[in-house]
Amino acid sequence: MEPDETSAIPAPPTPRDLFVAFLMIALSGFGGVLPWARRMLVETKSWLDEDTFNETLALCQSLPGPNIVNMSIVVGTRFAGARGAMAAVTGLIAAPLVIVLVLGALYDRFGALPRLAGAIAGLGAAASGLVAATAAKMAAPLIRRRPLVAAPFMVAGFVAVGLLRWPLPWVLAALAPLSIAAAWRLRR
Amino acid sequence: MKSTTDTLTALLVQFAILSLLAFGGANAVVPEIHRQAVEVHHWTTDKDFAALFALAQAAPGPNFLISTLVGWKAAGLAGALVATAAMCAPSCLLSFWIVKIWDRYREADWRIAIGAGLAPVSVGLVSASAWLLARAADSGWRLAIVTAATAAVAYFTRVNPLWCLAAAAALGLAGVLG
Numbered sequence: 001m002e003p004d005e006t007s008a009i010p011a012p013p014t015p016r017d018l019f020v021a022f023l024m025i026a027l028s029g030f031g032g033v034l035p036w037a038r039r040m041l042v043e044t045k046s047w048l049d050e051d052t053f054n055e056t057l058a059l060c061q062s063l064p065g066p067n068i069v070n071m072s073i074v075v076g077t078r079f080a081g082a083r084g085a086m087a088a089v090t091g092l093i094a095a096p097l098v099i100v101l102v103l104g105a106l107y108d109r110f111g112a113l114p115r116l117a118g119a120i121a122g123l124g125a126a127a128s129g130l131v132a133a134t135a136a137k138m139a140a141p142l143i144r145r146r147p148l149v150a151a152p153f154m155v156a157g158f159v160a161v162g163l164l165r166w167p168l169p170w171v172l173a174a175l176a177p178l179s180i181a182a183a184w185r186l187r188r
Numbered sequence: 001m002k003s004t005t006d007t008l009t010a011l012l013v014q015f016a017i018l019s020l021l022a023f024g025g026a027n028a029v030v031p032e033i034h035r036q037a038v039e040v041h042h043w044t045t046d047k048d049f050a051a052l053f054a055l056a057q058a059a060p061g062p063n064f065l066i067s068t069l070v071g072w073k074a075a076g077l078a079g080a081l082v083a084t085a086a087m088c089a090p091s092c093l094l095s096f097w098i099v100k101i102w103d104r105y106r107e108a109d110w111r112i113a114i115g116a117g118l119a120p121v122s123v124g125l126v127s128a129s130a131w132l133l134a135r136a137a138d139s140g141w142r143l144a145i146v147t148a149a150t151a152a153v154a155y156f157t158r159v160n161p162l163w164c165l166a167a168a169a170a171l172g173l174a175g176v177l178g
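Chain order of the listed sequences is A and B. Just so we're aligned: 126 in our numbering is position 126 of the first sequence, and the numbers increase by one with no gaps anywhere. Just so we're aligned: 152 in our numbering is position 152 of the second sequence, and the numbers increase by one with no gaps anywhere.
Here chain A stands alone, though its shape is the one from the complex (with noise of 0.2 Å):
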């Protein structure tokens, strides 16, 4: 933080409000986290302005790994280093796991009764439409505005991955690198 900047917003955050923050962050987050991510950071703490906040997270989306466990520890680490990565990530991930893993043993018992079969089958029909919506989002701004260097890398990979089930880390080893030269020539 620059010191112009904690003075027009409040105290920053200790470890133990990063822990907390990110803990009703994670027991809010039906259906996807970053919605309530961006209501707690910007809206209810003003920790980030909104500016910061889309910053972040293209930071954390180029990252590998989970975005919003990524942007725990960026704003973690932005607000108490080490120990507020540590806290924020603690906070984000130990109820929801508790509570996926008590979800997991009740469907192992019980998911074979029909009822409950049909609804977690309409569950996972809805699942899975939640994720193609959320590529036609992503794919939306690059179609726009770089159609032809966009599209064949974003064909490339979804044929290589989803139809031939080739390796990931084959896939990207051959595709990151020529999409990033593309992109590369292309800058201006």
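These are calculated hints, taken from the structure and not from any lab test. All residues carry an ideal CB built from backbone N, CA and C; glycine is no exception. There may be inaccurate statements among the hints.
[Claimed, not checked] Label-pair restraints from in silico Cβ distances: (1) B:Leu-93 / A:Glu-55: 17 to 23 Å; (2) B:Tyr-105 / A:Ala-181: 14 to 20 Å; (3) A:Leu-178 / B:Leu-93: 26 to 32 Å; (4) A:Glu-55 / B:Val-13: 29 to 35 Å; (5) A:Arg-146 / B:Thr-5: 46 to 52 Å.
Given the coordinates of chain A, work out where chain B should sit on it, guided by the hints.
Only chain B this time, still in chain A's reference frame:
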């Protein structure tokens, strides 16, 4: 037990690699998690994988918890903890280290090119996830309609996606999707 140790080692190695390959978030590596868990190691079935993914999506918290559930299927609680830690730790350490470099080189051409180049590839991978999950989940035309309707609502409206999940579960519970 040797076989348990082997399973935990496999979980650790696989998810640690995936952690560093997950450009575009956890959904980008769902096809690879599926391939490893169902086709290579037989930790779970295609149908159970779709159900576990649905649980991880519907539960509060980050969606990468599918890796927790796969670890749990493979080797119980120890497997769940190993898979979760392996999926997070490498990318967390990388993020911790990169944030300082990123803040310094925000405007650099090479940094922008890397971001711009990775974006379409990760879109392709997330599309592949959607395709594989839909194929596993949609065992009939009614379920396929649920998938398509959810995708349309989530894409075209600002309705909380949780309503789609709840409606789909309710329809399934009522037995109209089978």
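Each hint, compared with the structure:
With their beta carbons about 21 Å apart, Leu-93 (chain B) and Glu-55 (chain A) fall inside the hinted range of 17 to 23 Å. Here the CB-CB span from Tyr-105 (chain B) to Ala-181 (chain A) is close to 19 Å, well matched to the stated 14 to 20 Å. For Leu-178 (chain A) and Leu-93 (chain B), the Cβ-Cβ distance of about 27 Å falls inside the hinted range of 26 to 32 Å, so the restraint holds. For the hinted restraint 29 to 35 Å between Glu-55 (chain A) and Val-13 (chain B), the CB-CB distance of approximately 34 Å keeps it satisfied.
Judged by the Cβ atoms, the range 46 to 52 Å given for Arg-146 (chain A) and Thr-5 (chain B) holds: they are separated by roughly 49 Å.
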